[in-house]
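*Asks:* Sequence:
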Amino acid sequence: QKNETITDTMKMLSVYSTDRSVFVIRSPLEGVCSWLQTALPAHAERYGIPRPAFLNAGDGRYSHPLNEYVDMFTLLEQLKWDRSAIHIALVGDLAHGRTAHSKVDGLKVFHKVKVDLIAPELIEYQVEYKNRMYASGFEVREFSSIEEYLERAAGSLATIWYFYQPQFSKCGEITEETKREAGLKVTFRPEWQTKLEP
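In terms of this note's numbering, the sequence shown is residues 1421 to 1618.
A hint or two may mislead.
Said to hold, decoys possible - Taking lysine-lysine and the BS3-like style, the derived pairs with C-alpha atoms no more than 25 Å apart in a straight line are:
#: 1; residue 1: K1534; residue 2: K1550
#: 2; residue 1: K1590; residue 2: K1615
#: 3; residue 1: K1532; residue 2: K1500
Said to hold, decoys possible - Here are the simulated distance ranges between beta carbons:
#: 4; residue 1: R1552; residue 2: T1438; range: 35 to 43 Å
#: 5; residue 1: D1428; residue 2: W1612; range: 47 to 55 Å
#: 6; residue 1: T1595; residue 2: T1429; range: 37 to 45 Å
#: 7; residue 1: A1574; residue 2: R1446; range: 36 to 44 Å
#: 8; residue 1: T1429; residue 2: R1552; range: 41 to 49 Å
#: 9; residue 1: K1615; residue 2: T1429; range: 51 to 59 Å
#: 10; residue 1: R1466; residue 2: F1443; range: 39 to 47 Å
#: 11; residue 1: Y1436; residue 2: K1500; range: 35 to 43 Å
#: 12; residue 1: T1425; residue 2: E1559; range: 40 to 48 Å
#: 13; residue 1: R1552; residue 2: E1596; range: 27 to 35 Å
#: 14; residue 1: T1425; residue 2: Q1585; range: 27 to 35 Å
#: 15; residue 1: E1424; residue 2: F1493; range: 30 to 38 Å
#: 16; residue 1: W1612; residue 2: K1422; range: 48 to 56 Å
#: 17; residue 1: E1562; residue 2: K1528; range: 38 to 46 Å
FYI, nobody ran anything at the bench for these hints, they're computed from the structure.
Think of the CB as a built atom: it goes at the ideal place given N, C-alpha and C, for glycine as much as any other residue.
Based on the sequences and whatever the hints tell you, model everything.
*Replies:* The following block contains the structure:
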């Protein structure tokens, strides 16, 4: 309202404490935390205070690192802190799910990573994220629906499934029928329970 930039706001807030300030930021601006990490050190030095730290709780449309920390903690806890390997299925809206994009970096805590991407073309993972997974040495398999996954990957299904709700409002103009068809492809049906491996 006052035409104050986020940089100005952070400069003002950072001097309220003589200890190190930590800010958790969620913003529609892409890269805001990275920007603040470079913009505020000189200000902190000028006032003789420690550099503030910034935790990215989601910025722009592409990542959600803070949520990814929680996800990785949960996965590690489930795997009894064994970081040797993980086999995970990412199911649903991989195009628009910010934590889906953050998985590229988060899963690097594991030494061996196998990822099964399950999404119809309308909401599939972008090529840039798949390429980053390959570059990190991940084994990646792709499927257009849960049904296809259960048929083609029988005997080697992921032990962990992570579902992303379809965000069709971000897909542009599409018909209700297209939404319904895409949604059904990433909805787990009760009758498939028997196809899961113990």
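*Asks:* The structure should be examined with respect to each hint, and the outcome stated for every one.
*Replies:* We went through each hint and held it up to the structure:
1. Distance restraint check for K1534 and K1550: the Cα-Cα separation of roughly 12 Å lies within the 25 Å cut-off, and the hinted pair is therefore satisfied.
2. A hinted pair counts as satisfied when its Cα atoms are at most 25 Å apart, and K1590 with K1615 does not qualify at roughly 32 Å.
3. Taking the CA atoms of K1532 and K1500, the gap is about 16 Å. The hint holds against a cut of 25 Å.
4. In this structure the supplied range 35 to 43 Å holds for R1552 paired with T1438, their Cβ-Cβ distance being about 40 Å.
5. Distance hint for D1428 and W1612: a CB-CB separation of about 53 Å, consistent with the stated range 47 to 55 Å.
6. Range check, T1595 to T1429: Cβ separation about 43 Å, and the 37 to 45 Å hint holds.
7. About 40 Å separates the C-beta atoms of A1574 and R1446, a value consistent with the hinted range of 36 to 44 Å.
8. For T1429 and R1552, the Cβ-Cβ distance of about 32 Å falls outside the hinted range of 41 to 49 Å, so the restraint is violated.
9. Between K1615 and T1429 the CB atoms are about 52 Å apart, so this pair conforms to the stated range of 51 to 59 Å.
10. A C-beta distance of roughly 18 Å is found between R1466 and F1443, which places it outside the suggested range of 39 to 47 Å.
11. In this structure, Y1436 and K1500 meet the distance hint of 35 to 43 Å, their C-beta atoms being roughly 42 Å apart.
12. Between T1425 and E1559 the Cβ separation comes to about 44 Å, which falls inside the hinted range of 40 to 48 Å.
13. Judged by the Cβ atoms, the range 27 to 35 Å given for R1552 and E1596 holds: they are separated by roughly 34 Å.
14. Taken as a hint, the range 27 to 35 Å holds for the pair T1425 and Q1585, whose Cβ atoms sit roughly 33 Å apart.
15. The supplied range of 30 to 38 Å is met by E1424 and F1493, whose beta-carbon atoms lie about 35 Å from each other.
16. Range check, W1612 to K1422: Cβ separation about 55 Å, and the 48 to 56 Å hint holds.
17. A hinted range of 38 to 46 Å is violated for the C-beta pair E1562 and K1528, which are about 20 Å apart.
Hints 2, 8, 10, 17 from the earlier list are contradicted by this structure; the remaining hints agree with it.
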